[in-house]
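> Chain by chain, the residues:
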Amino acid sequence: AQKITQTQPGMFVQEKEAVTLDCTYDTSDQSYGLFWYKQPSSGEMIFLIYQGSYDEQNATEGRYSLNFQKARKSANLVISASQLGDSAMYFCAMREPAGSNYKLTFGKGTLLTVNP
Amino acid sequence: NAGVTQTPKFRILKIGQSMTLQCTQDMNHNYMYWYRQDPGMGLKLIYYSVGAGITDKGEVPNGYNVSRSTTEDFPLRLELAAPSQTSVYFCASSYSAFSTDTQYFGPGTRLTVL
Numbered sequence: 001a002q003k004i005t006q007t008q009p010g011m012f013v014q015e016k017e018a019v020t021l022d023c024t025y026d027t028s029d030q031s032y033g034l035f036w037y038k039q040p041s042s043g044e045m046i047f048l049i050y051q052g053s054y055d056e057q058n059a060t061e062g063r064y065s066l067n068f069q070k071a072r073k074s075a076n077l078v079i080s081a082s083q084l085g086d087s088a089m090y091f092c093a094m095r096e097p098a099g100s101n102y103k104l105t106f107g108k109g110t111l112l113t114v115n116p
Numbered sequence: 001n002a003g004v005t006q007t008p009k010f011r012i013l014k015i016g017q018s019m020t021l022q023c024t025q026d027m028n029h030n031y032m033y034w035y036r037q038d039p040g041m042g043l044k045l046i047y048y049s050v051g052a053g054i055t056d057k058g059e060v061p062n063g064y065n066v067s068r069s070t071t072e073d074f075p076l077r078l079e080l081a082a083p084s085q086t087s088v089y090f091c092a093s094s095y096s097a098f099s100t101d102t103q104y105f106g107p108g109t110r111l112t113v114l
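Residue numbers (our numbering), protein chains in the order written: chain A, 1 to 116; chain B, 1 to 114.
There may be inaccurate statements among the hints.
[As the list claims (entries may be wrong)] Computed from the model, here is a short list of chain B residues facing chain A with C-beta under 7 Å:
1. Pro8
2. Phe10
3. Met27
4. Asn28
5. Pro39
6. Met41
7. Gly42
8. Gln103
[Said to hold, decoys possible] Listed next, the in silico SDA-like pairs over lysine to any residue satisfying Cα-Cα at most 25 Å (straight line):
9. A:Lys108 - B:Lys44
10. A:Lys108 - B:Glu79
11. A:Lys3 - B:Gln22
12. A:Lys3 - A:Lys73
13. A:Lys73 - A:Ala18
14. A:Lys108 - B:Asn28
15. B:Lys44 - A:Pro40
16. B:Lys44 - A:Thr27
17. B:Lys14 - B:Ser96
18. A:Lys73 - A:Gln14
19. B:Lys9 - A:Gly43
20. B:Lys14 - B:Thr100
21. A:Lys3 - A:Lys108
22. B:Lys44 - A:Leu111
23. B:Lys44 - B:Asn28
Calculated directly from the structure, the hints in this document are not laboratory data.
Note that the coordinates shown come from a computational prediction; the quantities given were computed from them, not determined experimentally.
For each residue, glycine too, the CB sits at the ideal point set by N, CA and C.
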C-alpha cells in the first residue's frame, strides 16, 4: 500500500486565487513528520512547509498553509493568492521514526499550473 | 551558506562506464542521503549516512556505492552504469534523524546512460 497518496496528477488555478493540493498518508506510528516540497521546472527540490504529528496548530509559512486532519490522515497544502511562479510540481512527503532508514517517503506529486 | 551542492549537473554515460556523483553540505549536518527520481515519480532512497564513516542501504541500493570520510562530503559511486540508472539524483542532508527534522536537498544531477 502506498504510504503517501496524491490523487491529483495536475491542477489548474487562476492567478491570485487559492488552491488546495491533496495529500493522504498511511502510518501506524504516533510520531511522524509531514513535509511539502516544490520542484520547479529547473529541477531543484525546495522545502516549503512542515507539520509534526503532535502539532495541534496547522503549520503556516507565508502564503503556504497545511490543513492537517490527523484522524483522516490528510495533510493538504493550501497556497493562497497564487502567483505565476507557483507553477511547479509539488510533493508531499512523510518521515517516520528511525527504523525506516530515516528516509522521506514521497508521493507521486501534483503538477500545478497557474494561469494569468 | 551554499547549503547542499552537487556536481555535475548533467552527465551522459555509456553502458558499463563508472562515475562518481559529488555531494557537499556546509550546514554541519550529521545525516546525509542519496535519492533518485525517475520520471513521473517521487524520490526513492538509495543510501544514507548517519555520520562520517557510517553508511547504510536504502530502498534501491543495487548498482551504487557510497563512502563518508568527512561530515561535509557524501559521494555516490556508479560502478557499471546501466540504462536503468538513468534518473535524476538528489543529495540531501539533515541535522538529526528525528522524524520532525527537515531534509534539505541539493540541485540534483541529471544522469543519462546510453
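> Decide, hint by hint, whether the structure agrees.
Evaluated hints:
1. Pro8: This interface hint is violated because 13 Å lies over the 7 Å limit.
2. Phe10: violated, 10 Å
3. Met27: violated, 13 Å
4. Asn28: violated, 17 Å
5. Pro39: Violated. Min distance 11 Å.
6. Met41: B:Met41 check passes; min Cβ-Cβ to chain A is 6 Å, inside 7 Å.
7. Gly42: It holds, given that the least Cβ distance between B:Gly42 and chain A is near 3 Å, below 7 Å.
8. Gln103: Holds. Min distance 6 Å.
9. A:Lys108 - B:Lys44: holds, 11 Å
10. A:Lys108 - B:Glu79: Outside the cut-off at roughly 28 Å; violated.
11. A:Lys3 - B:Gln22: Violated: A:Lys3 and B:Gln22 sit about 30 Å apart, past 25 Å.
12. A:Lys3 - A:Lys73: holds, 11 Å
13. A:Lys73 - A:Ala18: holds, 22 Å
14. A:Lys108 - B:Asn28: violated, 30 Å
15. B:Lys44 - A:Pro40: Answer holds: B:Lys44 to A:Pro40 is near 19 Å, not above 25 Å.
16. B:Lys44 - A:Thr27: Distance of about 18 Å is within 25 Å: holds.
17. B:Lys14 - B:Ser96: Roughly 37 Å between the alpha carbons, so the hint for B:Lys14 and B:Ser96 is violated.
18. A:Lys73 - A:Gln14: At roughly 28 Å apart (the allowed maximum being 25 Å), A:Gln14 and A:Lys73 break the hint.
19. B:Lys9 - A:Gly43: The hint holds at about 10 Å.
20. B:Lys14 - B:Thr100: violated, 40 Å
21. A:Lys3 - A:Lys108: Given pair A:Lys3, A:Lys108 holds - Cα atoms ~11 Å apart, limit 25 Å.
22. B:Lys44 - A:Leu111: Status holds; Cα separation ~19 Å.
23. B:Lys44 - B:Asn28: Distance of about 24 Å is within 25 Å: holds.
In summary, the numbered hints that this structure violates are 1, 2, 3, 4, 5, 10, 11, 14, 17, 18, 20.
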